[in-house]
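> Listed below are the residues making up each chain.
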Amino acid sequence: MTRQRTLICALLLAAVCAMGQNRPNKKSRKAGGKPTPTWVNNGRSGMTVDISEFRLPDDAFWQSGADHGRDPLVRKYKTEYFGVLVDAPREIALPGHKKLPLISYYMGSYQQIVTRSFADHAVIAVMDPDRNELYLADAEEDDGERVQVPNTTKAEDLPQGWLANIKELDVRERTRVPWRTGRLISQIVLLDLPSNRVETKIGSASSFVDPAKEKFLAEERGRQNPPAPFPKLPDSAYAQQAGSLPIPESNGIVLQADRVVVAEDKKPILLQGAFRLSVLPEEQVKADAAAYNKEHSLTGYAACLTIHLLVVGTGQRAPFQYRLQIPVKTVTEGIASGNFALDLTTLPDFPISEQTLFLYAYAKESATEPVTIGVIDRRTAE
Amino acid sequence: MPEDIFEESTIAIKATLKEDGFFSGSYTGKLDLIYKKNDAEISRDANIDVPQGSVDRTYKVPKVEGTEDTYGLKVIANYGKAKEKTRVLVDATVWPKKVKLTAKNFVGDVPAKNLPYTIRHTSLWFGKTTDGHTNDAGVGEEDLKKSPYTIELKAPWEIVTNKNDAHKREHDLVVRNNPKAKFLKPDFSQDCYVAAGTDNDKNKGVRHYVNMTTADNGNDAMGNIVEFEVCNKEQPQGIKDEKIYIQVKFTKLSKRNLPKPALLAPCEEIAEKDDGKTLTGSVKLPANGGSAKFKLELGYAGGETFTVTCGYSKDDPTDDKRILVSWRKLGYQLGYPVVMKARLIERTRKDGNKYYDIPDSIKNVVKTRLDAVFVEYENIKSHEYPNPPAGSAAIVKTKFLDGGNDNTELYVLDGGQNWAVTATPFDAAADNREIHVTLCDRAYSSGGKVLTPTLILNKQDHELSIDPEHWHAYFEKTHKAVDTVNFKTAGYEWKAKMDLVSAPDKNKKPSFDSAHTAGDGGGERKLIISEPTVGGPALTVTCEANNSISPGEKAKIKNYYEACFTDAKKLRQAKNELHFQVTGPTGGDGDDVRLQAVQAALSEVHTASAKKLLYHPGLDDDGNPRTGPMSDVTMGHTNRIVKKFTLATGGVDKPGDFIGAASADKCPIAVEFSMDGTYAINGNAGGGSQLLVLRDNVPGPCAGTVCHELGHAMGMSVMPLTGGSKYPVPPGITTPKHVDNGGAYYLDGISPFTNGIRNLHRGPHCSDGMPTGKRPDSKFNDWSPGASDNVCIMWGSGGDDDNRKKYCTVCTEILKARRLTDVRGDWDGRAEG
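Residue numbers (my numbering), protein chains in the order written: chain A, 1 to 382; chain B, 1 to 833.
Treat the hints as calculated values from the structure; they're not laboratory data.
Please note that the accuracy of each hint is not assured.
[Unchecked claim] Here are the computed lysine to aspartate or glutamate pairs in the EDC-like style, where the Cα-Cα straight-line distance is at most 16 Å:
id, chain 1, residue 1, chain 2, residue 2
1, B, Lys779, A, Asp349
2, B, Lys612, B, Asp622
3, B, Lys779, A, Asp67
4, B, Lys488, A, Asp67
5, B, Lys554, B, Asp567
6, B, Lys779, A, Glu282
7, B, Lys202, B, Asp216
8, A, Lys76, B, Glu242
9, B, Lys774, A, Asp67
10, B, Lys666, B, Asp801
11, B, Lys182, B, Glu242
All values reported here derive from a predicted model rather than from experimental measurement.
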């Protein structure tokens, strides 16, 4: 390790240790990634909502012209919930259907709804948990050259009442997710308002399965080497230290960062994470690939897990996605756990500006609630 | 060395002969002189006496025969006793003295009078030329010099044929005056040719539409290959197999290289120079007076100037000239309803037919912007169709959209044009070079959503803005189907907002009264108390002997009173009113006192009671907030945003009777409905169709939209798409750079925002004109051009500011290089970019 890297590591660890005393995001300490995707914890509403008994039957998603304003979810939650809920078919037969319909319900009082523009900030996040691939897209798309209307409304002009903004989406079309047999977990993220996650099985029980092909693909994945750790950090940044977040008791991820950070030149913005996750064959470090492992800084590690970091912010309409590659020393019965601590400013194009950021992490079935970082930008102008 | 002498000249033969060597005495004796022409003896003077060694004679040289150019003449002396001695006395070349020209004009086969000619004596250093003219018979005769000669004509004359087979110095010339080449085709005098310049001078160039399909080998100003036809300028002067040389100079501004501009067969001697900017070749006339054809590949790029010349001079074949400037022509069919006609302009086609078109204020701007990329966009046909029926989705008054009182009807369409129910279909596209433009006054996206407001009203006739933030614009009619009301109320209910009414205002003490009814009280000092509506079985009260009411009897009265609250529903149905009746005899001793005592006891109980009933007009008999169907609420569409809700009255369950600010007898009402939401767009385009909002109030921006959408149809911008939506680079053009490698192009997509992917607009666009510092951000830091900015037409959004005035340099280069034979199909089906 070079002298410079040692210094960075020391700074990083010192800062990480201090984070626990520096107004951490309390809610971020909860383990996310509940295996039942019909649940959502919504900090804004202070409610935990289970939509399972209010979901539409699968057939309803293929009917055109339905008035979803009377859907059970709306009738139940419109006047008492502020946030986004989503529903999607439980199963889509292949071949046959060529889209993944998703109904998004953004609900709240008029006064609440105006604080977060669905058109500007809503992001679809769809996870293929079996391959651990995350696909993103704007929930709203322009159909032509949109006429911009200046927003000059005063608070007192808002009507008294509530609104449900209901949008039918084709997740496949919007995110360009590969259309193949498997599972997809869909969610909409609207800044600090994550929706519930709904899982859809692509391919029905009657779909034809070629066992030889499946075996071939499984073996192929088993031979695949994981990518190098990213971001490239000292080993200690991927190890548990004093002040590290506790490992979740069940599969999941937790994140933690300072609630408010002052962005100054060369000052790190630290993000801590802890996880317990299943390990995919392609994430396992292959012992017989010593040269590859050495070249990719994987020597001494048992696996390198992919955790997707989604960053959205009030000052930007674009979501940012980072594919973190976190190395772990051991894998026990297909499960690995560990920690990481990284400086967000080292991520490519990380959106540092005067705004509030919301960070989400995804891996396989797991997802976190948002970690909120209020950024005060005091960097020297370039 | 032989001397040169003329024919028919007399030569002197002089010599001194010796007997033997140089120092011997003079010869005396006989001498033979032998005359040889080309070593053949032609004459002999024999036995000439030579008295003192001296020979002195003359000889007239014979003519040079017509079959001969010259001949050699030798005079040989044979002398001596046996004439054994030989000496060459003359060795000469005999030249002819005269040449005769008999010239006829190639045109008319008549004598070429006064034909200026030059006899050039090719072996002389001085005085080598002799000039002359033919006489009226076309004959010229000149003295020759002792030299070979050639005959030349002075310009503008030239020799077509020169025959002197019968007599070498009698030349039968066929001559012609001023041979020049000219183009027969293309014929720029035809109406199809339009001057390329603004001075309307076709000689300075015409527009040639390389993307069009020609019906006449490119001689209709269309097609990428043009067949030229050349001949002698005075066509009968053309001579079989003579060459007319071709030269093409073109600007080669575009890097497009497929197909490469080139001279094509049957042009011969094809060559190129100046880095391909100059092409040369030749053609042969197939017959006297004939013409020859050749073809020129212009390629598909626009804005190239081809200066094509022809001539008889190989080095400077510029006798005639044609200048073609490559343009591309695209067309549009225009569809509009009658209601929009007043906002259009009437034009006249060449055939005299009149049609309505986009007003000049917009069209001229479009023309200016497309001129820069050498594209004409012309109206092929206009389709005027009936207005949609009144009240339909597509006919909306201005005041509905914008507020105010303007009753002007506007034609409003959705992005998918589902509302255009009366639109007549466009003609099937004759080819893929045309766009179908549907005009409208306003357009709204088909990318709809459902909004279900729950609004709290507090007036029976309540008008309010239901979308003050303009997040969504929506309509009286749905964008999905014109016969369905956009605002759906079926299945929805209104509901009394009793949670907004304070507890005191909705928990009320009943009203109270008691009345006497004459009758049997049931016995001595007895009276009967009853509440017929909500009370239980009648209560018999027995007064004390002194006609007072004992505490025990008062307790019974209290119990009876409170029992009236047992059935709250019944009490609400009784309007929260308690009407007690006290039945007893009258007129007897103490009857009145006892009656007053019982009534006083009842009143005392009522006054002391804390019993209240949940009672309010907003509650139903069961005490629940009243609710009812939304059919009780009439929705009036004051305008697009402001709605008027009128609540029905005339019954206890009608919300209009009790709506109001929360009070003891009024309460707010929540109404619920759904509506189809959308948002306003300036238009859209795809698959050869364009929806265009006619914004004649802002013609520049409207023209920008036209050019922007047409730009997409023409394949802008170039980004790494695949399949039918890919926009390939024209062959020969370097792939332009995107925002992540130093360029301006970007494409919407999902994270990671690399390789030119950004998170805004829809499709591939160009950010030229945007501050470069914004480019790294995935949304360009939400930058948008202001009124004074100047961005590329292919910037991804437009507003009311005219800030998309031209295609940027990169876009212009690509657009000029495009093969615009297809602006409708997927790129998979478009050849050669």
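> Next pair to validate is B:Lys779 with A:Asp67; report whether the Cα-Cα distance is within 16 Å.
34 Å, violated
> Tell me if the straight-line CA distance from B:Lys554 to B:Asp567 falls inside 16 Å.
Violated. B:Lys554 to B:Asp567 sits at ~22 Å, over the 16 Å cutoff.
> What's the verdict on A:Lys76 and B:Glu242, does the C-alpha distance respect the 16 Å limit or exceed it?
95 Å, violated
> CA of B:Lys488 to CA of A:Asp67, is that 16 Å or under?
8 Å, holds
> Does the structure keep B:Lys779 and A:Asp349 at a Cα separation of 16 Å or less?
Holds: B:Lys779 and A:Asp349 sit about 12 Å apart, inside 16 Å.
> B:Lys779 and A:Glu282: Cα distance at most 16 Å?
Distance ~34 Å between B:Lys779 and A:Glu282 Cα, so the pair is violated.
> Checking one constraint from the list: CA of B:Lys774 to CA of A:Asp67, max 16 Å. Satisfied?
Since the Cα atoms of B:Lys774 and A:Asp67 sit roughly 42 Å apart, the hinted pair is violated (cutoff 16 Å).
> Taking 16 Å as the top limit, are the C-alpha atoms of B:Lys202 and B:Asp216 close enough?
20 Å, violated
> Check the hint pairing B:Lys666 with B:Asp801 against an upper bound of 16 Å on the C-alpha distance.
Outside the cut-off at roughly 50 Å; violated.
> With a cut-off of 16 Å on the C-alpha distance, tell me whether B:Lys182 and B:Glu242 pass.
14 Å, holds
> Would you mind confirming whether the straight-line C-alpha gap from B:Lys612 to B:Asp622 stays at or under 16 Å?
15 Å, holds
When each numbered hint is compared with the structure, violations occur for hints 3, 5, 6, 7, 8, 9 and 10.
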